[in-house]
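Please put together the full structure from these sequences, using the hints given.
Number of protein chains: 2
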Amino acid sequence: MIIDVHGHYTTAPKALETWRNRQIAALSDPAAMPRPADLVITDDEIRETLETNQLKQMRARGADLTIFSPRASFMAHHIGDFQVSSTWAAICNELCHRVSRLYPQHFIPAAMLPQSPGVPPETCLPELRRCVEEYGAVAINLNPDPSGGHWTSPPLTDRHWYPLYERMVEYDIPAMIHVSTSCNPAFHTTGAHYINADTTAFMQLIQGDLFRDFPTLRFVIPHGGGAAPYHWGRYRGLAQELKKPLLAEHLLRNVFFDTCVYHQPGIDLLTRVVPIDNILFASEMIGAVRGIDPETGHAYDDTKRYIEGSAQLSTAQKHQIYEGNARRVYPRLGAALERRGS
Amino acid sequence: MIIDVHGHYTTAPKALETWRNRQIAALSDPAAMPRPADLVITDDEIRETLETNQLKQMRARGADLTIFSPRASFMAHHIGDFQVSSTWAAICNELCHRVSRLYPQHFIPAAMLPQSPGVPPETCLPELRRCVEEYGAVAINLNPDPSGGHWTSPPLTDRHWYPLYERMVEYDIPAMIHVSTSCNPAFHTTGAHYINADTTAFMQLIQGDLFRDFPTLRFVIPHGGGAAPYHWGRYRGLAQELKKPLLAEHLLRNVFFDTCVYHQPGIDLLTRVVPIDNILFASEMIGAVRGIDPETGHAYDDTKRYIEGSAQLSTAQKHQIYEGNARRVYPRLGAALERRGS
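Residue numbers (our numbering), protein chains in the order written: chain A, 1 to 342; chain B, 1 to 342.
Hints may contain errors.
Facing chain A, according to a computed beta carbon distance under 7 Å, are these residues of chain B, among others [to be verified]:
(1) G226
(2) A227
(3) Y300
I should point out that these hints are in silico values taken from the structure, not numbers from a laboratory. We treat Cβ as the ideally placed atom computed from N, Cα and C, and that holds for glycine.
Okay, structure coming up:
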């Protein structure tokens, strides 16, 4: 079984974006604020967007199940206030819930949170509860920078975030650390901000002792861990300078990396330096890089090819990356699979 | 001959830091502002700091010449105004000049600039001129974020920076893109801000068409290019989505990476994905990661070991990385070496 832990509903029906644009326009004209009920998307429209996109690719490439969350770049937590984020998150999460009801074999939801810059994260708990208890979400996406590229929030190790962590531990769900659109012109969203956020989060976790307070808390750092594996020696050395334990003990019981690295040498590095227990298969398809690599003739984001193309992975290790680790890191996913007998 | 293109005077005599602390304290008490002449450092003190640190390591590891610039984390362009940065840059550059006069065989200077947030970069031109014409600087360090982690400057492709680029082209000197201390608590200086800046700069260059305007402009992206080589497929794919030429044509005549990657798998990735013509030997010794790697028993930043340990580099390629490329990318270094017959 092949589980892709990182998919977003990037192909949602156009009506979703139109509704969001109306919501944004209404920030300066509150009378024009659309109601959630104004958004009408049929099951057939949902099916159409998936059958021609994600599901089509999953079938072609041989992935069985995707942990599916709202489009990351559309979270845009920097837009409007908490109420705006809250309404938007509710709509997007409900849509992913519907996807998972239409295709329970292929999609299982992860939740976006109604974060808003300067607003305490505990305000996200009702939406988190709803997504886990009512929608069956198996994870959340946590944005370490709801300001969208201005980085005004405290580090992830700060007590600011603890109310969320307490609930995550209670529900036994991991968070993927995932930023959204950059509104800072210095940072290209998917080429700089995403990767920087991964690197930044990893270093914040090295600096702190978060997992001493939350021994069972788990984070997935997407996009292959940003720059961390490539600079693994640097990070081992910095942890050492900071008098922290070895990374294996300090972080690797709690921190995992996905395989959204879009070329063979990158995946080879990842699987060479990071313990296989800490690597989770993912593609972020259909996402930032949609083209065909002229060097291979295949889609850049067809990451299964790189796992298959690895000379150093055994069959058992591939199984861990494809399925075993995901069942362990996302226990609610594991439980859902067991309930359905797979 | 082995040329290290990335060294900073991190071990300068304590008097330098004391003077700087007085300068910073005087920001709120202008009457207490120290004069440059208050800083007295003898040649013997300079010799002592180098003989026991950088030179000792260069001799032990077998590096011949280091391109030597003021300590990057101490540039701290976000502190004070242009006048404060200007005095500080002049002092630091003069000190590196003195180093190069005391050890002309081993150190050749690169200049820091008196950048200041919100101040036009052309204000740096007099210091740049002085460093090149009077001190023999062969390169500059250009900070893409003088705000120190708030990223308030336009991207490197913006005309904002053009006056500097015009002078760089005129002098035929490259810039190493190098940030300084982060004053944003989200970003650890050497573990996040440095690496993020490298990644950010690379993506800015992909987005723009800077080298159409400056075909001979050259940038060195330090720390192995941040996350770029690890995500080389992502960057090739993003350039493709942006309808840019292949990276070889779009950037690689103008952009180079150093080898400050502190483990064997990282260097193996770098030399596998980036053309050898674009890789310059460097260690950033003595810098961010000063410890001994328990996995190898050698210093993390002894990067020559990783070049030597590479199974894929030929002798000719090692020569390119150690020396040939540096002579080409830093023509004033090449000319200085030829003048001295080496």
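Exercise for the section: Using 7 Å as the Cβ threshold, decide whether G226(B) counts as touching chain A. Expected result: holds (6 Å)
Handout entry: Interface hint for A227(B), Cβ within 7 Å of any Cβ on chain A
Key = OK, holds: A227(B) within 7 Å of chain A, min 4 Å.
Exercise for the section: Under 7 Å, Cβ to Cβ, is where Y300(B) needs to be relative to chain A, so tell me if that hint holds or is violated. Expected result: holds (4 Å)
Violated hints for the displayed structure: none, as all numbered hints are satisfied.
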